[in-house]
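A.B. asks: Residue numbers (this note's numbering), protein chains in the order written: chain A, 1 to 115; chain B, 1001 to 1113.
Hints were generated in silico from the structure; no laboratory data involved. Here the structure is a predicted model, which is why all the values come from computation and not from measurement. Ideal placement from N, C-alpha and C gives every residue a C-beta, glycine not left out. Check before you lean on any hint, since a few could be wrong.
Stated by the list, open to error - Here are some chain A residues the structure puts well away from chain B; computed CB gaps all over 10 angstroms:
id, residue
1, K42
2, E45
3, N66
4, Q80
5, N92
6, P115
Stated by the list, open to error - Sample of chain A residues facing chain B (criterion: CB under 8 angstroms; computed from the structure):
id, residue
7, Q31
8, Y71
9, L88
10, G95
11, K102
12, L103
13, F105
14, A107
15, G108
To be verified - Dumping the calculated DSBU-like pairs for lysine-lysine here, alpha-carbon to alpha-carbon at most 35 angstroms:
id, chain 1, residue 1, chain 2, residue 2
16, A, K2, B, K1057
17, B, K1083, A, K56
18, B, K1057, B, K1083
19, A, K67, B, K1083
Below are the chains, spelled out letter by letter.
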Amino acid sequence: QKEVEQNSGPLSVPEGAIASLNCTYSDRGSQSFFWYRQYSGKSPELIMSIYSNGDKEDGRFTAQLNKASQYVSLLIRDSQPSDSATYLCAVNIGGLSGGYNKLIFGAGTRLAVHP
Amino acid sequence: EPEVTQTPSHQVTQMGQEVILRCVPISNHLYFYWYRQILGQKVEFLVSFYNNEISEKSEIFDDQFSVERPDGSNFTLKIRSTKLEDSAMYFCASSEEAGGRAFFGQGTRLTVV
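Next comes chain B alone, as it looks inside the complex:
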């Protein structure tokens, strides 16, 4: 069964460093998403992406964040100048159509020290 894959599963970085989280969406899906879940809190929408551009973003998704589809398979989230409060699980998801069923990857646990 096709699935969304994310790498790495766990990333530890020093405060102020830049990290890139990687995702391979399901192959025939056209819509891609990043979410964040701080420990014990809700799953928060960060950004949706379609046709090589951002379609929606949340207030959280400020200039510190960027997304890119560098090739035909990968979808990345870059976090610049990481802060302690960026420590969270980051989930990538994809869907076949707008408003359709979104399937999640297993997540990347980001720890900023």
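In isolation and in its complexed conformation, chain A is listed as follows:
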């Protein structure tokens, strides 16, 4: 089983719609979860972090975490063409040192917002 899994997409949504991106992870002990946005040829840009079960909202973005189901999601409301990018789910998983200092990325979901 892969450590962090995402649907590769592309996910195509019309401008103004809600985009829903999903991620599952394998390590039940993981405690910190992140969403990054990556434009083509650029570095990952942190957009959301979440540590507790439930929802966390920041502007048009809402991250949702369900540790029992090992599931993280990202909702983007009022999607804009400028949101078109690859969205990376990242999870800190346990390492050989016993700590959780190994941030592992999913393969990313490509989002296309069309006018």
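Chain A is fixed; fit chain B onto it per the hints.
C.D. replies: This is chain B only, laid out in the frame that chain A set:
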């Protein structure tokens, strides 16, 4: 706003040569990371570093790679005997605490010819 900076932005090297990629993490951050992204593929974890030693490393991070914090500001990744398949974007990241938010530099594109 503080940011992670990486130099050079692009490095071309001949196969078999050694390269050093440099990073200046955010100043109050204590945890440092290197990642690799081969064109069209996922962002892959290489190594995490804390308190002047490696805390975690991946299977990719073998004897060909080493990391160092030579002074109070720089964090380097050395790749020995470069191979064609080492061609990739290399990202440095830093975080304030273990498991905390990690911020990425703009990357170094390494091309091995």
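A.B. asks: It remains to establish, for every hint, whether it holds in the given structure.
C.D. replies: Verification of the supplied hints:
no. : hint                : in the structure
1   : K42                 : violated, 7 angstroms
2   : E45                 : violated, 7 angstroms
3   : N66                 : holds, 19 angstroms
4   : Q80                 : holds, 23 angstroms
5   : N92                 : violated, 5 angstroms
6   : P115                : holds, 27 angstroms
7   : Q31                 : holds, 6 angstroms
8   : Y71                 : violated, 19 angstroms
9   : L88                 : holds, 6 angstroms
10  : G95                 : holds, 4 angstroms
11  : K102                : holds, 4 angstroms
12  : L103                : holds, 6 angstroms
13  : F105                : holds, 4 angstroms
14  : A107                : holds, 4 angstroms
15  : G108                : holds, 7 angstroms
16  : A/K2 <-> B/K1057    : holds, 17 angstroms
17  : B/K1083 <-> A/K56   : violated, 44 angstroms
18  : B/K1057 <-> B/K1083 : holds, 20 angstroms
19  : A/K67 <-> B/K1083   : violated, 41 angstroms
Violated hints, in rising order: 1, 2, 5, 8, 17 and 19; the structure is consistent with all others.
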